[in-house]
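A.B. asks: Starting from the given sequences, assemble the full structure and let the hints guide the process.
Number of protein chains: 2
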Amino acid sequence: MQYPSKLIEDAVTEISKLPGIGKKTALRLALHLLKEKPQKTIDLAQALSDLREKTEYCPTCHMIFDGDDCMCQSHRKDRTIICVVEDTPDVLAIENTAQYQGVYHVLGGIISPVDGIGPGDLNIESLINRVKADGEVKEVILALSPTMEGDTTTFYITKRLKDLNVKVSTIARGVPIGGELEYTDEITLGRSIANRVSYEV
Amino acid sequence: MQYPSKLIEDAVTEISKLPGIGKKTALRLALHLLKEKPQKTIDLAQALSDLREKTEYCPTCHMIFDGDDCMCQSHRKDRTIICVVEDTPDVLAIENTAQYQGVYHVLGGIISPVDGIGPGDLNIESLINRVKADGEVKEVILALSPTMEGDTTTFYITKRLKDLNVKVSTIARGVPIGGELEYTDEITLGRSIANRVSYEV
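Keeping their order, the protein sequence lines are chains A and B.
First residue of the first sequence? That's 340 in our numbering, and the numbers climb one at a time after it.
First residue of the second sequence? That's 340 in our numbering, and the numbers climb one at a time after it.
Hints are supplied without guarantee of correctness; some may be wrong.
[Stated by the list, open to error] Label-pair ranges, simulated between beta-carbon atoms:
1) A:K393 to B:E478: 48 to 58 Å
2) B:S484 to A:Q412: 28 to 38 Å
3) A:Y396 to B:T352: 48 to 58 Å
[Said to hold, decoys possible] Taking lysine-lysine pairs in the BS3-like style, the calculated list, with each CA pair at most 30 Å apart, reads:
4) A:K379 to B:K379
5) A:K393 to B:K471
6) B:K416 to B:K363
7) A:K393 to B:K477
Honestly, the hints are just simulated from the structure, not real lab data.
Even for Gly, the Cβ is constructed at its ideal location relative to N, Cα and C.
C.D. replies: Set out below in structure tokens:
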């Protein structure tokens, strides 16, 4: 594609490096910005550079925080339970349920030999050390994706935590609430029957 | 939604102002940038501010250009034909066909009473003046969208150009090339029969 100006071409090249955005969408976004007030683009560019330059990661739980104390140091959190997740969006998703009062540990990925990601590339060692050093941790919840990679990671971490005298649990798997039983995939439905829970009134 | 840091919240707010990007996608993009090298975000922010601050519009054809001569001044273009389009992407689309050698005139929108856009908000007056002042323009091609708004604009411009001694044409409408006849909508198919062209071997 030919661009009417080098500036547009540069902007399209940079925007289309973002995931899920191709050249056509990038061009549409660039032309949209040109139509809007200049301040809007300046604000966007500023927010992006601030985001990248000022964001810090907590050395304990590896979660994003900005300057102040990390949420894992908050007095409102129950520091005896650690929920292990793959990445930041998972923390936000769990926080939004308002069902969990404990702290988190962000792995920064999951074990995936295909992508060349081994246990050493993730924040697993720091989880083990955190549990060891803290001494007050009673339970580690493994909230990883129900995929082969997630299961591998769950298995690996469970093995590593074995001798540390903490309870290890995983989040429940089964039919999603509000979902139609007939449209649930066979594996999920099969497992939800195999792992049925007793119901008491 | 709660964000782990003000920086992320600001970035998400700014990114989600872009068309077709909601809060969830904006968050995904922001977290993606945080995972990548800082230089990538800096390049993106720089390309965006450069785009907005340095881009200029041609006073004659209202097309984007950067610093040098606009394409409407190029010696390789046939300045006796002006193709009138709604916006910049249309120019790029037509240029990519390599079927047109003339120059363009970007309206900056189309007449749309619903959105409060009248002829005065568009570069129509400048088109009339351009045709009058130039004296060499032989044909004006109206390449507007085949919608009600596009047809209204085509009608209005045609009326305004009536006494200026230029040929006015619109781009052909009919079944798209490569399309299946049975899946073409009724109005397009009906018009393509009504406006059939004689076929000679």
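A.B. asks: Please go over all the hints and tell whether each is borne out by the structure.
C.D. replies: Hint check:
At about 56 Å, the beta-carbon gap between K393 (chain A) and E478 (chain B) stays in the expected band of 48 to 58 Å. Distance hint check: the CB atoms of S484 (chain B) and Q412 (chain A) are about 57 Å apart, inconsistent with the given range 28 to 38 Å. Our hint of 48 to 58 Å for Y396 (chain A) and T352 (chain B) is violated, since their Cβ atoms are close to 22 Å apart. The straight-line distance between the Cα atoms of K379 (chain A) and K379 (chain B) is roughly 20 Å, inside the 30 Å bound, and the hint therefore holds.
Restraint check: the Cα-Cα separation between K393 (chain A) and K471 (chain B) comes to about 56 Å, which exceeds 30 Å; the hinted pair is violated. For the proposed pair K416 (chain B) and K363 (chain B), the alpha carbon gap of about 45 Å is over 30 Å, so the pair is violated. For the hint linking K393 (chain A) to K477 (chain B), the alpha-carbon distance of about 59 Å lies beyond 30 Å, and the restraint is violated.
Checked against the numbered hints given earlier, the structure breaks hints 2, 3, 5, 6, 7 and satisfies all the rest.
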